[in-house]
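From first to last, the protein sequence lines stand for chains A and B. Just so you know, our numbering puts the end of the first sequence at 290, numbered straight through with nothing missing. Just so you know, our numbering puts the end of the second sequence at 1797, numbered straight through with nothing missing.
To be clear, the hints were calculated from the coordinates, so they are not data collected in a lab. A hint or two may mislead.
[To be verified] DSSO-like, lysine-lysine: derived pairs with alpha carbons at most 27 angstroms apart:
id: 1; chain 1: A; residue 1: K202; chain 2: B; residue 2: K1529
id: 2; chain 1: B; residue 1: K1529; chain 2: A; residue 2: K274
id: 3; chain 1: A; residue 1: K213; chain 2: A; residue 2: K110
id: 4; chain 1: B; residue 1: K1488; chain 2: B; residue 2: K1778
id: 5; chain 1: A; residue 1: K122; chain 2: B; residue 2: K1722
id: 6; chain 1: B; residue 1: K1779; chain 2: A; residue 2: K274
id: 7; chain 1: B; residue 1: K1491; chain 2: A; residue 2: K122
id: 8; chain 1: A; residue 1: K202; chain 2: A; residue 2: K213
id: 9; chain 1: A; residue 1: K110; chain 2: B; residue 2: K1491
id: 10; chain 1: A; residue 1: K274; chain 2: B; residue 2: K1491
id: 11; chain 1: B; residue 1: K1636; chain 2: B; residue 2: K1700
id: 12; chain 1: B; residue 1: K1778; chain 2: B; residue 2: K1700
id: 13; chain 1: A; residue 1: K206; chain 2: B; residue 2: K1793
id: 14; chain 1: B; residue 1: K1557; chain 2: A; residue 2: K206
id: 15; chain 1: B; residue 1: K1491; chain 2: B; residue 2: K1502
id: 16; chain 1: A; residue 1: K110; chain 2: A; residue 2: K27
id: 17; chain 1: A; residue 1: K202; chain 2: A; residue 2: K243
id: 18; chain 1: B; residue 1: K1676; chain 2: B; residue 2: K1636
id: 19; chain 1: B; residue 1: K1779; chain 2: B; residue 2: K1491
id: 20; chain 1: B; residue 1: K1778; chain 2: A; residue 2: K110
id: 21; chain 1: B; residue 1: K1778; chain 2: A; residue 2: K274
id: 22; chain 1: A; residue 1: K110; chain 2: B; residue 2: K1725
id: 23; chain 1: A; residue 1: K243; chain 2: A; residue 2: K274
Below are the chains, spelled out letter by letter.
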Amino acid sequence: MNLWRHGVHWLREDLLLNKFSRRLPSKEYRVAIFKPLSLDEMKAKTKVLRRHIVRMTTEAGSGHPSSSMSAVEMVTALFFGGFMQHDPAQPRWNNRDRFILSKGHAVPVLYAALAECGYFPVEELMTLRKLGSRLEGHPNMKRLDCIEASTGSLGQGLSVGVGHALACHMDGLSAHTYVMLGDGEMGEGQVWEALASAEKYKLANLTAIVDQNGYQQTGATKDVLKLTEFQPKIESFGWHVQTINGNDIEQVIAALTIARSIKDRPTAIVSKTQKGFGILPVLAPTGDLNYHGKPLSKELAEKALALLAD
Amino acid sequence: MTIGQAAGLKLGKAVRDAFGTALKELGNEFPTVVTVDGDVGNSTRTEVFAKAFPERGFNVGIAESNMVGVAAGLAAAGKIPVVSSFAAFLTCNAYDQIRMCVAYPHLNVKMVGSHAGISIGEDGASQMAIEDIALMSALPGVAVVVPADAPSTKHLVKGMLEHHGPVYLRCGRIDVPEIYGPDSVLTIGKANQLRDGKNLTIIANGLMVGIALDAAVALEAKGISARVLDLHTVSPIDQEAIVKAVKETGRLVVAEEHLPHGGVGSAVASVTAQLAPCPIEFVNIGNTYAESGDPEGLLKKYGLTAEAIVAAAEKVCSR
Ligand SMILES: Cc1ncc(C[n+]2csc(CCOP(=O)(O)OP(=O)(O)O)c2C)c(N)n1
Ligand SMILES: [Mg+2]
Chain A
-19 MNLWRHGVHW
-9 LREDLLLNKF
1 SRRLPSKEYR
11 VAIFKPLSLD
21 EMKAKTKVLR
31 RHIVRMTTEA
41 GSGHPSSSMS
51 AVEMVTALFF
61 GGFMQHDPAQ
71 PRWNNRDRFI
81 LSKGHAVPVL
91 YAALAECGYF
101 PVEELMTLRK
111 LGSRLEGHPN
121 MKRLDCIEAS
131 TGSLGQGLSV
141 GVGHALACHM
151 DGLSAHTYVM
161 LGDGEMGEGQ
171 VWEALASAEK
181 YKLANLTAIV
191 DQNGYQQTGA
201 TKDVLKLTEF
211 QPKIESFGWH
221 VQTINGNDIE
231 QVIAALTIAR
241 SIKDRPTAIV
251 SKTQKGFGIL
261 PVLAPTGDLN
271 YHGKPLSKEL
281 AEKALALLAD
Chain B
1479 MTIGQAAGLK
1489 LGKAVRDAFG
1499 TALKELGNEF
1509 PTVVTVDGDV
1519 GNSTRTEVFA
1529 KAFPERGFNV
1539 GIAESNMVGV
1549 AAGLAAAGKI
1559 PVVSSFAAFL
1569 TCNAYDQIRM
1579 CVAYPHLNVK
1589 MVGSHAGISI
1599 GEDGASQMAI
1609 EDIALMSALP
1619 GVAVVVPADA
1629 PSTKHLVKGM
1639 LEHHGPVYLR
1649 CGRIDVPEIY
1659 GPDSVLTIGK
1669 ANQLRDGKNL
1679 TIIANGLMVG
1689 IALDAAVALE
1699 AKGISARVLD
1709 LHTVSPIDQE
1719 AIVKAVKETG
1729 RLVVAEEHLP
1739 HGGVGSAVAS
1749 VTAQLAPCPI
1759 EFVNIGNTYA
1769 ESGDPEGLLK
1779 KYGLTAEAIV
1789 AAAEKVCSR
């Protein structure tokens, strides 16, 4: 099913970045856009993405399903809720909205969304991590045009997002850049350097999403470093910050809508989620609620797929 | 895993596993050893030490630059910090901290990079250190050590703790064949000859040593007699052993799980260029990043096989 309605053009609302923003002729803002899904359709889509994540990581025999699961509602809302304007027919279209997955190990959720958007066949998901596949274990922008940044070394995506946002600003483009980070990833100093630089240039076309799923590789995020009251910390860097339940798609949509309405500073969404959300009843009996960097066994995958059935 | 089969070696543990176990076993003998981790102690295996000596294990979170700086402070205050992460994140993310806080002041920091090379497999290029030897051996006074198997790792970890000054120890992720025995003698800075030969010497380290031994068996069947030298220490390099190999066998093949520039091949070639010019062929992953895939498939695709070493040996013998 192709969700995209090519040829439907409309005049996109100009995002007023700040007082330095330049307006280009309005034709630059005419973009191909696909129709946002309804709330029910989006909820159904979260299940579709989750099933893809389980299937592809179990088939690969490695990968990070639990890190992918926590982010499903956010990715679904961005790609299917009308927030991201982009075009599979021209992936590097210069006024596309960008999504950078800084926590690159969660790339199964992104591949699932991109396949559902029509960037590559859904069947290709099953080649994840196999020799020769374009769907590598971490995002590789040289292999796939629809990947915005090669990530996998944590801490770097927000800086790249600042670069995209600055360039869009310079070129008078209305494109918005979203960067998703992990809560453990917030330990990297570079993230805080990026926060400061985005504030300096008042990048209202940049949204950082912290997928606060409570765990990182070696345990609970709050036990490794006490950074977790993210809202006041990021606010103190001059950002507009909202904290939401990121596994509640209605809250996600509301927060993304507010983020797009802010015109004078960069925005952040602290998305409180659960690692493995959607398949927790299957993971819980294993006694490992983090389930970091492990695929589900065939048996567990069966159970998870049953749980995620329509 | 087919590595080491032709040479009749049996599969042993991964170098990272041997490192974690050795560190724990040496914990009482070296009471000032502490570990500094960046949220991957369960991957680098420092958690084996940290679980046995909880008050001596620190996890500073996903923050490699800070991690190396903290280790430098611990060393300056008299501890022997063993700081570890994936080799790619340790050496690349924290390179300036390694340069400024460790190498320049020549502090006694032990830097251990796990998941080195392309043999990590499915995680792909972002997690594969293939430039670490070049980076670390560029730094004055930093010893660079690449163990080939579990038994030699045990000895080299002890050597690393006894050595005064910065050391970089490179560890692989996957299980590798056992080449050494428990009583083998390994000294940092001294290469080990594993097999004698007349027509050429294959110099290798890490995972490539087992592959080199397989190649030597295949070469023997073709009437070419190959010596195999384990150059586990890249810096300071064992000039004497290299010159001796050139004098006695005349030709070299250098095999490494690394980029072509700045690694073992470059280090060996700069020794021979000055002291014993001879024909050399190089086996490495080529000037490219690798990708996701199964470890054996990747080694094959990127030319790190016994066949590639055999071909290089035949070529060097025809020169
Ligand atoms: C610079 C760097 N250091 C370490 C790692 C290894 N690593 C991969 S995932 C991970 C934990 C990430 O935790 P978090 O950011 O909370 O993401 P989650 O998996 O919980 O979504 C770590 C330490 C890495 N990829 N990059
Ligand atoms: Mg997390």
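Against the structure, the hints come out as follows:
1. A/K202 with B/K1529: Holds, because 20 angstroms separates the two Cα atoms, which is no more than 27 angstroms.
2. B/K1529 with A/K274: Between B/K1529 and A/K274 the Cα gap is close to 22 angstroms, so the pair holds against 27 angstroms.
3. A/K213 with A/K110: Judged against 27 angstroms, a Cα distance of about 40 angstroms means the pair is violated.
4. B/K1488 with B/K1778: Satisfied, since the Cα-Cα distance of roughly 20 angstroms is no more than 27 angstroms.
5. A/K122 with B/K1722: Answer violated: A/K122 to B/K1722 is near 45 angstroms, above 27 angstroms.
6. B/K1779 with A/K274: holds (26 angstroms)
7. B/K1491 with A/K122: violated (35 angstroms)
8. A/K202 with A/K213: holds (15 angstroms)
9. A/K110 with B/K1491: holds (24 angstroms)
10. A/K274 with B/K1491: holds (21 angstroms)
11. B/K1636 with B/K1700: Violated - the C-alpha atoms of B/K1700 and B/K1636 are around 40 angstroms apart, more than 27 angstroms.
12. B/K1778 with B/K1700: Holds - the C-alpha atoms of B/K1700 and B/K1778 are around 21 angstroms apart, at most 27 angstroms.
13. A/K206 with B/K1793: violated (58 angstroms)
14. B/K1557 with A/K206: Judged against 27 angstroms, a Cα distance of about 26 angstroms means the pair holds.
15. B/K1491 with B/K1502: holds (16 angstroms)
16. A/K110 with A/K27: holds (24 angstroms)
17. A/K202 with A/K243: Not satisfied, since the Cα-Cα distance of roughly 32 angstroms exceeds 27 angstroms.
18. B/K1676 with B/K1636: Violated: B/K1676 and B/K1636 sit about 33 angstroms apart, past 27 angstroms.
19. B/K1779 with B/K1491: With Cα atoms ~24 angstroms apart, B/K1779 and B/K1491 stay inside 27 angstroms; holds.
20. B/K1778 with A/K110: holds (14 angstroms)
21. B/K1778 with A/K274: Holds, because 26 angstroms separates the two Cα atoms, which is no more than 27 angstroms.
22. A/K110 with B/K1725: violated (45 angstroms)
23. A/K243 with A/K274: violated (41 angstroms)
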